[in-house]
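> Protein chains in written order, with the numbering used here: chain E, 349 to 697; chain U, 35 to 398; chain A, 22 to 355; chain Y, 30 to 535.
None of these hints come from the bench; they were simulated from the model.
Where hints are given, some of them may not hold.
[To be verified] Short derived list, chain E residues pointing at chain U, Cβ under 10 Å: (1) Val-431; (2) Phe-483; (3) Leu-488; (4) Val-490; (5) Leu-495; (6) Asp-507; (7) Gly-611; (8) Ala-618; (9) Ser-657; (10) Trp-660; (11) Ala-672; (12) Ala-674.
[Stated by the list, open to error] Far from chain A by the CB rule (all over 10 Å, computed), these chain U residues: (13) Arg-70; (14) Val-142; (15) Pro-207; (16) Leu-233; (17) Arg-323; (18) Leu-360; (19) Val-367.
The beta-carbon is built from N, C-alpha and C at its ideal position, and this holds for glycine as well.
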Amino acid sequence: MTATLPRPTPAGSTRTPVGARLGGLLRARETGIALLIVVVFVAATVKNDAFASANSIQQLLLGASLIALLTVGQTMVIVTRNVDLSVGSVVGISAYVVGMTFRDHPGTPILLGFVVGIAVGAFFGAVNGAVVTLFRVPSLVVTLAGLYVIRGLDGLLVDGVIINPQSIPRGFQRIGFETVLGVPVLFLLVLVVVLVAAYAMRSFRSARDLYAIGSNPDAAELAGIPTQKRVFTAFLVSGSLAGLTGALFVALFAQVDVTAGRGYEFLVVAAVVVGGVAIFGGSGTVIGAALAAVLLNTIDQALVSSRISGFWTDAIAGALLLAAIAFDRSLSLRIARKLRTQEGAHRDV
Amino acid sequence: MSETAVHAETPRDSGPAPTYEGVDTARPPRWRLALRWETALVAILLLTLLIGSNGSARFFTGTTFFFAGLNIGEIAIMALPLLMIVLIGEIDLSVAAMLALSGAVMGVLWQSGTSFGVAVAAALVTGLVGGALNGYLIAYLGLPSIAVTIGSLTLFRGIAQIILPNPTTTPFPTEVATLGVLPIPGTQVPYSIAVFTVLAVATATFVHATPSGRSLYAIGLQPEAAEFAGIRVTRVRFELFVLSGLVCSLAGVLFALKNSSASYSAGFGLELTVVAVVLFGGVSIFGGRGTVAGVVLSLAIVAVLQQALTQQQVQAEVQNIVTGGLLLASVLVPNAAAAGRRVRTALRGRGRPAPPPPTPAPTP
Amino acid sequence: ACGSSSDGGSASSGGSGDGTLQEGLNVYFIPKDTQNPYEVLADQGGQAALEELGGTVTISSGTEATAAAQIPSIQAAIQAQADAIVIAANDPQALCPTLQQADSAGIAIVAFDSDFSCDGFDHLFINQADTTTIGTAEVDLLVQNMGTDSGQIAILSAAASATNQNAWIDAMKTYIDEKYPNLELVDTVYGNDDPATSLTVLQGLLSAYPDLKGIISPTTVGISTAAQYLSNNPDVASRITLTGLGLPSQMREYVKSGVVKSFALWNPTDLGYLAGYAAANLASGTTNLDTGATFDAGRLGSYTVDAPAGDTGPSVVLGPPTTFDATNIDDFDF
Amino acid sequence: MATAAPHDPLLVLDRAEKSFGAVRALVDGSITLYPGEAHALLGENGAGKSTLVKILAGVHQPDAGSLVVGGAPVVFAGPSDARDAGVSIIYQEPTLFPDLTVAENIYMGRQPTVAGRRIDRRAMNAAAREVFARLGVVLDPSRPARGLSVADQQIVEIAKALSLNARVLVMDEPTAALTGVEVRRLFDVMETLRAEGAAVMFISHRLEEVYASCQRVTIMRDGRFVRTAPIDEVTVDEIIRSMVGRDLDALFPKTTTEPGQVVLDVDGMSEDGVFSDISFQVRRGEIVALAGLVGAGRSEVARAVFGIDPRTTGTVSVLGEVLPAHRPRAAMAAGIALVPEDRRQQGLVMDLPIDQNMALASLGRLATGGLLRRSAERKLAADWARRLQLKFGRLGNPASTLSGGNQQKVVLGKWLSRDPQLLIIDEPTRGIDVGTKAEVHRIIDSLVAAGMAVLMISSELPEVLGMADRVLVLHEGRITAELSRADADEDSIMRAASGLTSGATA
Ligand SMILES: Nc1ncnc2c1ncn2[C@@H]1O[C@H](COP(=O)(O)OP(=O)(O)OP(=O)(O)O)[C@@H](O)[C@H]1O
Ligand SMILES: Nc1ncnc2c1ncn2[C@@H]1O[C@H](COP(=O)(O)OP(=O)(O)OP(=O)(O)O)[C@@H](O)[C@H]1O
Ligand SMILES: [Mg+2]
Ligand SMILES: [Mg+2]
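Pulled out of the complex, with its shape left as it was, chain E reads as follows (with noise of 0.2 Å):
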């Protein structure tokens, strides 16, 4: 064999600042977005300073927080190299039965208002988990299924029968209005799941086992994780948490139809890319998602108060959407550029 040499190692010295900058620009995608918020407001607050007042900034944040619920989920699934396209007929159903148990049921506690919602939710998000592990098909089209399949059972259930808001206890409702210090209640219960949940998927075990799944699912099987258990949880969680969104949704607004949380899957996929995480899994954060939910609402609300007219909103904002998804990529392929050379010089050295 040969001589002893020094093998060239990418960086040379222990504590290699490589993994801390990119942990640092990890962080940063999220800053990226904070920012980006930040200079929606400025904008939409210089064409018109109402956008900038307490109110407008309640609604805000209240606006946005269906959607950054739905995104806490989303994201746990994505980041398995899963998706979930049955949130938006989850929330619907959930919403109908919270509030068909209010009608039907009057006195009913506001608190299973809530465990209606999350056991209806979670009902389905089982459903779903459990199909995708069991016969391990690919879950974008079981929640393609899923989606029609329960947007079919709740169109049975309401049978154009609106829920109105006197059926709904003024209480539950007051989730959906009142505000503490300023800041709406709903939106603190939504940031506390959301907090909850980053804190989660960082710190715990399981959690991590998820962000294995998706980088490389082959892997994990090796690695001794029980991958179909945790798919299956991740989905138990996105479908309970869209059972939490249905019931909001009630406290919201105070009336259900079959028309409630359309769409919503849209949203929520498009929320939670732009917030980086990895359509393809094995990375990303609740908080980067969860602050794009908050920022395609501001886009929204700070075209409608710039009196931009209704017509324009929507090629607006998905133009806004395109340059999102195309600045972020740009950004990280320079960023990516730029470790190359640097780690090329490091080797010259």
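Given the coordinates of chain E, work out where chains U, A and Y with the ligands should sit on it, guided by the hints.
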């Protein structure tokens, strides 16, 4: 200690070596596996026809099939490029929005007095441009197609809404408007289905019998290896999205003719239907697997089923459930055996004695 | 009861009947979608009408409020050789080719709630109230509730392509220009009959126009979403007056709490009932589309076909809308 | 003689069988591991070694046979059962999580935790650093695994296995991507583990490594156990005969040909941060080897020549014609073929059938009137399968069902069937058994004799020395030496490869 314990001297060389086999060019059994879903689709189609004819005496009439064709025509046309896009492992969710946008372009131009031919040409150019936008972002910037096309679906429909806030009211020239609604004289075949048939034959030939078609499968299964085999992966990606834009704009033109009007909300929500039809046809969402025959069968089932169920006054909600159920079946049925085996193994595994606890390792 | 007893051409022969309605008529009711609460009530009215006449109603539509989703239902009516179709069109034109086929198959065609306009064949439109009346009534209601006829107002509509909404909005604009020159209609926003979207655009509206005084929402989802928002934000409610078209059942609480003083609507059940009678009469040949032709509509009495005007062809007007306020809202249960 | 004490065996696998559909991968898998021994498992490609390993790992459940670990019969339902029983595995193919950090890769599922079962990142990184120190390498535990070189990936795998402190360590070709130094370090670690009483099972196609590190050897052929023997009682020739079932011709056949016309002319080729100022020529009938340490940029040079990677400056011409940059099609049309280094990602479409893989680079030629002829495709595949003595079930089976070495043959067939002017071949025999290796060398030699030009990249010095007419040595993206066959020896190449050159040209 010189020789080893268990398998000392006797190499158990019993029987001839099993793995050296002669060169076998016979059709692989994997083909038969792949064909299985298509066979199932044929069975489902027959079943659908049976259900349809059982419920209504007027089911087996030319009109039913004309209606079925008329309703599925544009979806069918859009499904063909989508099939190829899914084959290379991408997805296009902007198809229905492009249908609306190109229809709107045509409608606006026609309304403003442009000649019909120019209006149609402009619609098709719109498709090319929109497809090129998708293609550029996905192929050359490397953005995930699901995210890009969610964005462009909002964008396309938004632009349609800007240029055509209200549905156009000027009817298209009657000679062409009838193309949208009447069958080819002497038959019960709508024009859109005739267009589809031509495109389907072309697609099938391309996908299954040309070098470029074969490379779609390679790209879908392993893009890097395809690149190393000299396949222009990026360009193929780009071209397929451009093609999808173009074909969807053609569908948009036909759709506008069929409705004798254009609207920015044309085909609202249809993207998921088109995706569902393609997946129901047995095309793998991960790319690299699927046939044109499967998608054609799937389209036929969806079209006939809708007629059968509506004629029998089955609630629209139930129809949704049936659609979802069939889609689910398309992935579950081929995997049912494996799933059953897994469940059985899991149960059997539980019955067996657990592995004994490890004795402590000899390491400190 | 699929109408096989009376074969072909029963409707196309026009008013040559002997004045008795046929029994066993099969009428297809095609609402915008199966879940539209307002039209569910209308369909019930239609069912009641046909029950009185010994016929049947088939309700068929898609789950999405799109023209494409309605087409299979029209086709099914053709295939079932129905006697009449009563439809709330999702698009003014897109259904024409299919409806034309229905017309050719001898099926009488009646539109309600949302009309369509096709060349080549005629149909009867059951107008809930005539367009101008709705427009002027809502503006008058707003001015009355605001207590002033000057200041900024806005409209929260359904979809930007909704024909009936747009017609009413046009009527309002004309009326404001004529009668209330100091009233400034600053914007029209579209909530797509979706609570979440309605809420978003409403919030945008409020922050865009801090001096806004009044909102008209001529759509049930829009007005109830806005009312809910106002009742949750009393400070906003104190400066904004809201009115429009809404269902009493949805608005009861807001009227009682004073967030909304009054709003208008006609009785959707009556609308469907009238449409059912009109369809039965057309199919039986006991009336026709000529201006001045009359028919009897059960408990609602007799109606006369109005002359075509503008985009609208032959039509029948249900009657003026009812205004609901705290004094009468408990009398209605739809 | 070996240090293996006559203890009770740590692990006994007896007459294990495993079939995949019609393929009988393992007919009689038997091996016995004693504490304190390093035990080599040898066999041709496809002999069933990895299958045996996966049975020990709990990945595959055997169809028949028994497994005893630590004296007690066990049944592994999954990889975690094996791990819990003290068996740790380094798989043939790296199994890393590219998105996770290096440390997390090592401790996945057993991250050190603090109160509340929260992961203690600092402790995890420190522990990883410790393992690396034991291996004598420097790797940042907090960097993501994505972008690690193949060698570094393998290091992480080894670290993962080591950190388990297992009683039985199974290594399936761990050295295939390592440099000499790293291999030596690995052997040192193996030595330590043995001294601690663990058993090590080692798979490699490099017999010199087996002689350097193992006490006993088990040989398999065609899925069957052939024999087990102490290493110092068998000769290389005996081992090869047991593996291959026949005597072997020369490992490095070399027909001397007079180099002819210049086929490839690379002049001043550079790409920022990757390589710079690369100039060389390859002539007909000549094998030029690119040598260098892992990460020197050899593969990048090859890929840039072929057009997969971009290049910023310089020209590449084939037979006098200048090739456009970044256009593999043009390179192929000009007669270049590239057998890439990573056959699983780059060489093959694993889920496509063997015949379609073979034909993938020749689709245009197999079409008449734009339509692909399936019969021509199958014929091409059948021809080359025979010529390369491919071992397979059916040509219609996915390429993933082949053993590693046979996969490499498919890649070779895919490119040779194009009849190229210049064959660029990156690590031609990585993971290939001696028998096949000799075959591959013979094939290359005969092609060169027939006038083909070959640019070969190899990390195996004997292969470079045995096959090349000229050796170009790369160091950190630059050519530091050009050595003729006569001048090239281990020492001169290694000196140039590590940048210590003072002698040869630059
Ligand atoms: N999952 C599978 N499906 C079908 N056949 C398989 C599968 N895995 C392995 N085989 C077949 O089993 C045989 C043994 O393969 P194995 O990978 O164990 O060989 P090996 O001895 O490790 O070879 P190498 O030295 O090339 O790694 C081969 O013929 C291979 O084609
Ligand atoms: N200093 C480095 N830092 C980070 N990554 C590196 C470094 N050197 C090499 N790599 C990575 O390792 C891979 C292999 O490197 P390269 O292809 O240059 O090596 P090589 O000389 O061809 O060696 P081999 O092919 O034998 O591994 C490259 O894809 C590159 O991304
Ligand atoms: Mg192996
Ligand atoms: Mg290399």
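> Which numbered hints are broken by the structure, listed smallest first?
none
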